[in-house]
Amino acid sequence: MSQIQPISPDKMSKRDYYLTRLRLTGKNFKEFMGKMSRNPSGMFGLIIFLFFVFLAIAGPYIVPKDPMAISLTDRLLPPFWMEGGSREHLLGTDQLGMDLFSRIIAGTRISLLIGVLTVSISIVIGTVLGLLAGYYRGILDTVLARFADLLLSFPWLIFAIFTMAVIGPGFYNLVFALTFKGWVGFFRLVRGDVMAEKTKEYVDAAKALGQSDLNIMAREIMPNILNSIIVLGTLRMGFMIIMEASLSFLGLGIQYPEPAWGSIVNIGRDHMLSAWWISTFAGVAILVLVLAINMLGESLRDILDPRLRRIE
Amino acid sequence: MQLARIIERILIAIPVIIGIGIIIFLIMRLTPGDPIDIMMGQAGHVSEREVELLREQWHLDESLGVQLGYFLKDLVQGDMGTSFTKGRPVWDLIKQALPATVELAFFGAFFALLVAIPIGVISAVKQNSLIDKISMAGAFFGICMPIFWLGILLIIIFSINLGWLPTYGRISYDVNLQQVTGFYVLDSIITGNWPALVSAIKHLIMPSITLGFPMAAIVARVMRSSMLEVLRNDYVVMARAKGLREYTVIVKHAMRNAMIPTVTVIGLEVGMLLGGNMIVETVFSWPGLGRLVVSSIFVRDYPLVQGVVIIYAFTFVAANLIVDILYTYLNPKISM
Amino acid sequence: MLLEVNNLQTYFELSRGTVKAVDQVSFKLDQGEIMGLVGESGCGKSMTLLSLLRLVPTPGKIVGGEILFEGQDLLKKSSREMTKMRGKDLAMIFQDPMTSLNPVFKVGEQIRESLHIHGYFQESYSGGSRRLKAEKERVIELMEEVGIPSPMDRYYEYPHQFSGGMQQRAVIAIALSCEPKILLADEPTTALDVTIQAQILSLMEKINQSRGMAIILVTHDLGVAAEFCQRICVMYAGQIIEQGQTDDIIEEPLHPYTQGLLNSIPRLVPDKPRLQPIRGTVPSLLELPEGCNFMPRCDRAMEECRLPQPLLELQNGRRVRCVLYQAQAKGEGE
Amino acid sequence: MKKAPWLLLVLFLVVTLCFFPVTGCQPTEDPAVDDDEVVDDPNDVAVGEDYTIVVGLSQTILTLDPANHRDRVTETVIRNMYDGLVTRTPDGVIVPEIAESWDNPEPTIWDFTIREGVKFHDGSDLTVEDVKFTFDRIIGEGAMEGETSPRKGLLGPLEAVEIVDDRTVRFILEEPWPILLAMLPHQQIVSKAYLEEVGSDIAVQPMGAGPFKFVEGTIDDRIVLERFDDYYGGSPDLPPVGPAPAARVIFEFMPEVSTRVAALQGGDVHIIHNVPPDMVATLEADPNVVVKTVEGTRMHMFEMNVEMAPLNDVRVRQAINYAIDMDAIVDNILLGYGTTVAGPLLPHGFALNTDLQPYGYDPDRAIELLTEAGYADGFELVIDTEDELKDVAYAAASMLEAIGIQASVRIWDWGVLRDQLLAGERMMVFGNWGNSTLDPSDLLVPKLRSNDRGNYSQYANPELDALLDAAEIAVERDERISLYYEAQEIIYNDAPWVFGYVGMEIEACRSNVTNWRPSTDSRINLHRVGLE
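Protein chains in written order, with my numbering: chain A, 81 to 392; chain B, 1146 to 1481; chain C, 32 to 365; chain D, 70 to 601.
These are calculated hints, taken from the structure and not from any lab test.
Errors might be hidden in some of the hints.
[Said to hold, decoys possible] Calculated lysine-lysine pairs in the DSS-like style (CA-CA distance at most 25 angstroms, straight line):
{"hint": "1", "chain 1": "B", "residue 1": "K1478", "chain 2": "C", "residue 2": "K167"}
{"hint": "2", "chain 1": "B", "residue 1": "K1478", "chain 2": "C", "residue 2": "K108"}
{"hint": "3", "chain 1": "C", "residue 1": "K59", "chain 2": "C", "residue 2": "K92"}
{"hint": "4", "chain 1": "B", "residue 1": "K1397", "chain 2": "C", "residue 2": "K119"}
{"hint": "5", "chain 1": "C", "residue 1": "K212", "chain 2": "C", "residue 2": "K237"}
{"hint": "6", "chain 1": "B", "residue 1": "K1271", "chain 2": "C", "residue 2": "K115"}
{"hint": "7", "chain 1": "C", "residue 1": "K51", "chain 2": "C", "residue 2": "K115"}
{"hint": "8", "chain 1": "B", "residue 1": "K1397", "chain 2": "C", "residue 2": "K115"}
{"hint": "9", "chain 1": "C", "residue 1": "K107", "chain 2": "C", "residue 2": "K92"}
{"hint": "10", "chain 1": "A", "residue 1": "K115", "chain 2": "B", "residue 2": "K1478"}
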C-alpha cells in the first residue's frame, strides 16, 4: 500500500470541493478566452455563430415579413438592387410570393435547432453508452461496438436518405434519422478515452478510496474527456446542418413552406433560369453558418484538444 | 501473410453486409403505404384478384420474419427481386445504371485526388506561403460547402450563363458512341471515337467536380498535415543529405510516407462520395444508381431501393477492403 | 586544408526576434582528421553541421561567412552543384538511427539509392539490369564492411526489422557508399546502448583509418569526444568558445564553461573532487546577454564581460572566447 | 489558414454575384396565350432528310413493353414505335390507324377491319392474329408472361377478341361500353411471333409497327429510334401519310425543369413538354424557340371528405368553394394557362352542362355559410397534395385562412396518400384526374360513384350512382348527354369537390421544328414532325 494518499474530493467538504472546481474552471475559462482572443479565425467564427444564434432567437421579432405569408401578386420578385425589385423584399420573393429575406432569417432557427438538438442528443447517448462500454467492457461493449461498426459501414448520407424516405419527412423524424447514426462518433471517442483514462493512476486512487463507479465516471473521467466531446460536438454540428440541408433539398427533410434553407434551395432549382436568387441566398446562408461553426470548432480543437487534430 | 490478411478482411466483411441488409429490410418494411397501390398508379383499373396475385408474388401477405427469410435467401442467391414500378429484375436495372455511377464516382475521386494530393504536398512544402493559405482556405470551403448548392451554382454559371458545359446526361446523342463496356470515356477510347470522348468528358466535368470537391478538401488537408509531420522526420533530412534532388525527396521519400494516413482517410471518404453521388446524380440528371434510388424512394419501390442501397453499402465495404490492402502495401510495418 | 569555415552565421528570423543558432563559427579540418564539436543540446552544434550541407531548415538562413571545401566556397555554389556534392563529398549521419531510415523502403534499396543517384557504375554498365546488379553487389560489400551480418538477406528487410545498432550501421553504410571526404556525425551514438555505442565508435574509427576520411563528430559527451577526437571545439549558445587539441583541453581547460563541463562529468577515478555542476540553465537563444553569452552563469564574471567577446588566438592552435585570456592572446582574435 | 477563409468567401460571393444578373432580369411580360395560329402545311415536310429530332421528357420511363405500365410519358415513347387500332388527332378526335374501319352491330360487339400492308419492323406482316394476341395478352389473367397486365383496367368490360376472317377481328364486351373507341388509342399492337420468341425481353428490345424502330437506349438514360422505311403510313386522317420525315428520334429524360428549358434554348433538344407557366416568358423571348399550348385533359380539383365533420355539411363545402379564388390561382400561378371549371367536367369535354355557373370568389358569402353551419370561428383543415401541385394547395390554404379556416398543407408521396384517401382518413386532397377520352364516364364513375376506385371524397349518392350506371350502358348519345347533365347538377349542388381548373399543356420546340403541336392527351407523336 502506498503511504501517500492523494487528496480526493471525498476528503474535502462538498463545498470546498466545488469551490476548487469552480476556481479551476474560472481560471481555465480566463485562459481559454485569452487563447481564443489570440485566434482571429476562431473569434470570427464565434462572432458569426453568435450572430446566427441571435437571429435564431430574435428571428420572429425582427423579420420584416411573415416568412410563410403567400402573396400571389408578388411572385418571383428579384432582389431590391435589380430592376423590378423593391425594398419591400430585400432579397426578392419565391414562386408563392414569400419574402426570401424573412425566410432565410427564419430558417436560421431550424438549421441551428437541428444542429444543436442532433448533436446534444448524440452526445448524451454516445457519452453514456461510451462510458458504460469503455468502463465495464464485457458483452455490452462487444454488442455496442459491433453495432457501431455496422452503422459506420453505412455511408452517412445514404443512411439518412434511406431512413428519412422510410419514416417520412418532418422535424422530429429528421432529428431521429440524424441521431440514429450520430451517436456513434461520440460513443467511439468516449469509449476510447475511457479505456485510456481507466488505466491512469488517479482512477486507481479513486477506486482504492472506495468511490463508486458512477462517481469515478462522472467526477474523475468525464472532466478529462469533456474537451474532446466539446470539440467533436462543435465540428459535428456543422456537418449535421449540411446533412439537414441536403435532406431538405431532396425533399426528405423539412418540408416546404417551412423556411428551411435546404428546401429553399430545392424550390429555387425549378426557377434557376428565371429566379436565380432563391437558391443562391439560401445556399450562401448555409455556407456562412457552417463556415463559422467549423472555424470555431477548429479553433476550439487547437486550443482545447490538439490531439484531436488527426480527426478530420 | 498478406493473402491470409486479405481473406480475413473479406470474411469480416460478409456479416457486415448481411447486417446492413437486415437493417435495410427492417427500416423499409416499417413504412406506411401499400406498394401495390403505388405500382398501379392513381388511375388504375385494378381488380382485387390482380392485387392478390401480386401480393402473393412478393410475399407481402406473410409476416415480417418470413419476408426477411425470403429476402436473405434471395440476397445470398444474388436475387434482389423485381422492381415494383418497372416490372424488371432489380439486378438488371442496377446493372444498367451501374456503369454511369461507377464512371462518375471514379472521375469524382480521380479529380479529388488529382487536385488534393498535389495541393496537400505543395501546401506542406511551402507552409504558410500564399499558395498554402489559399489552398487551405479553399479546402475549408470544401468542407463547409453543401454540394447540392455547389452543383446548382456551377450549372447557373457554366451552363446557363456561359453555355460552356452541358447540364444533363452523360454524352450527347450525335456522337454515335458504340457501347462496349458502358463506361463512355473508355468506350470512346476503345472505339477511337474522339468526338464521343470530348463529349463524355464535357459531360463529366461539372458532376465530377461537384462530387469530388468535399473529398478533395478533406484529402488535401490530411495530406498537408501528414506531409508536415513527415517532413519533420530525420529520414527526410537524411534523404537530402544523401544528395537527392528536392523533388525526389518530396515525391519519393516524403509522399510515400504521408500517403499512409491519407489512404485511411480516403477510404472513409468513399462513404461521402457515395452519399454525394445520390445528390449529384439528382442535380445533374445523371442516369445512374443515385438517381434511380432517389426516384424509387418517392414511389416506395421496395426491392429497387433495397437493392441499390445494398449495392452502395457493399461498395463502401469493398472500397474499405481495398484501402486496407493498399494500406498494407504502403506500410511495411503492417504486412508482417 | 580540407575544410575551412570562417565566421559562419546561421540565423532564424522568428516573429519574436532573431535566433543566432550559429554565430561566428570558425574552424578548420584537415584530411583524415577527427574533430569533435561539443556542447549542451541546443547550443547550435547540429545546426552547424546542417549549415555545412546547406540544409538549414526554414525559417533558418545562412546569413554570413564562408565554407571553403577544398578551397571552394560552398555558399557560392548553385543549389544543383550543392545537391551533387551532398552524399558524395560530405555525408552525414544522424542522432537517432530509428528515424533516419525511411520506414517504407527496404534498407538495401536505401543504400543503393545513394550509389545510384551519384552515378556509380553509370559508365561501366549502361544497361539497367546489369547496373542494378553491380550496385547491389556493392551495397552488400558495404553492409559487410559496416558489420551487418548476413547482408544478402538483410538487404531486403525494412528498417523496423533492424535493431538500433544495426540501423545505425546501415546509416553509416549509406554515408560511406560514395566515399565522401568528410563524414558529419551528429551524435551518432546518443540514442544507443552503451555497448553498442562503443561498437559504432570503433567502426567509425576503423573507417577513418582505413579510408582516411575526415570526421566531424558532434556530441554532448566530452568523454566520448576526448577518447575519439584529435581536436575539440566547445560550443556554447551558438558560438565556439574554446578550440584546441583534445589533450590540451582535457588537461587544461581555459574557458570557465569548459571547466564546468569537465567538472560535471562523473569520474570513476576516486581522487577527483566531487561533481561541480554549472549553476543555472542554458539560456534561451532569444534572450542572450549583450556581451559574453556565458556571463550569467559564470563564477568569474566581471564588468568587462558585458562587452562582446572575440575568439582569442592562443599558442598551439588554441582559441578561447574569454576575457580572462586577453593578456595571453597573440593578437586581437582573427 | 487564419484569415484566409473569410476573405475568400467574400471574393467567392463577389465573383458569383457578378455572373448572375446576366439572366437575372427577364422582364415579366404579359403572358399572352400562344394560340398557335400558324398551321404548318403538312405536305411541306421533306421525307428522307437525315435529321434527328430530340425530345426532352420530364421523367424517366418505366418500361418499353406496351402492356406493362400505367404511365403517360412511357406511353408517349412507346407510341412512336407501335401503332394502335385507332389513334387520336392532337385535338382529341378518334381516327383509324391500323384498323381501316369499324362497325358496332350490337352495343356489346365491335368489328374492326385491319388495314392491308401493315408491316412490323422485322418485315413481317401485321395480321389479325397479332391483334387478337395483343388484346389477349392485356385482358387475360397472367397472360403477360405469367403476370397480369396493369393495362387490363383500361379495357373495361372487354371480354374476348375473336378472329372473324383474315381482315376482321371482333371485340366482345360484357356490357355496353360507349367509350371503347376512345380508350383504344392507349393500346398498341405487338407481334405475336416476336413476343413468343423474346418474351419479357420486349421490355428492352421493343418491336412494333409504328413509324420508328428501336435502335438503342435504356429507360433511365435515353431512347434512340430510327425511321422505319417500310412504314405503312399511319392514319390517312393525319396527313402526310408515309414514312416519317425524321431519320432519327431521341428521347432524353430531363426531370429538371431548368435543364429542359436550358437544353431547348441551347439547341440540344428540339421539343420539350411540361413547361411551367413561369418559364413561358423566358422562352418566348428567345427567337429560336416557339411555345405551343393546347387545352389539357387533366381535371384539377380539391376533393373533400364528405364523411368527415365539418366537411359533411354541404354549406361548409360550398363555403370553401366560395372562399378559394380559383381565377386568381389560374391567373397568378398558372399565369393564365388554364381554364377554371364550374362543375366536375372538362370545359371542352363531352356532355358539359353549360347551365352551371362557377361558384366564384365570394368570401362574404363563404363566411355567411360557415356561420350558418355553426363554424363562424373556423376549424382546422389539412389539405393533402403531392409535391408538383403544392403551389396551388398553399395558395388555396392561405385563402381559406382569410375566412378563418386554419388550413395547412401536407405533401405526400402519392402511394402513401392513396391508401388513406380511399379509407376516408384524410379531410381534403388536391389532385388531378386524367380524362383524355373527354368522356364523363372516365371521370365521374371512378371519382364519384359510391366506393369506386378513385372516390377520395367518399361521396355516396344512390341517385347519382343510378344516373352514372345508366349512362355507362346507354347507347344513344342524347340520352347520355341528358343523364350526365343531371349528374353534373347534383354534383355541383352537393359540392363534394372544390371545382378547380384544367391546365393547358404547355410545350415548346425550336422554331425550325415543323408540323408539330401538342396533343390534348399530352402524347408527343413524332411521325409527321420534321425540321427546316
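For each hint, the structure was consulted:
As the CA atoms of K1478 (chain B) and K167 (chain C) are separated by approximately 24 angstroms, the hinted pair is consistent with the 25 angstroms bound. The suggested pairing of K1478 (chain B) with K108 (chain C) is violated, with an alpha-carbon distance near 40 angstroms, which exceeds 25 angstroms. Restraint check: the Cα-Cα separation between K59 (chain C) and K92 (chain C) comes to about 22 angstroms, which is no more than 25 angstroms; the hinted pair holds. Distance hint between K1397 (chain B) and K119 (chain C) is fulfilled; the C-alpha atoms sit about 20 angstroms from each other, no more than 25 angstroms.
Distance check on the hinted pair: K212 (chain C) and K237 (chain C) sit about 15 angstroms apart at the alpha-carbon level, within 25 angstroms; holds. Between K1271 (chain B) and K115 (chain C) the CA atoms are separated by roughly 23 angstroms; this keeps the pair inside 25 angstroms, and the hint holds. The straight-line distance between the Cα atoms of K51 (chain C) and K115 (chain C) is roughly 28 angstroms, outside the 25 angstroms bound, and the hint therefore fails. The hinted pair formed by K1397 (chain B) and K115 (chain C) meets the criterion: a straight-line CA distance of about 18 angstroms does not exceed 25 angstroms.
Restraint check for K107 (chain C) and K92 (chain C): the C-alpha separation of about 14 angstroms stays at or below 25 angstroms, so the hint holds. This hinted pair does not check out: K115 (chain A) and K1478 (chain B) have alpha carbons roughly 39 angstroms apart, beyond 25 angstroms.
When the structure is compared with the earlier hints, violations turn up for hints 2, 7, 10 and for no others.
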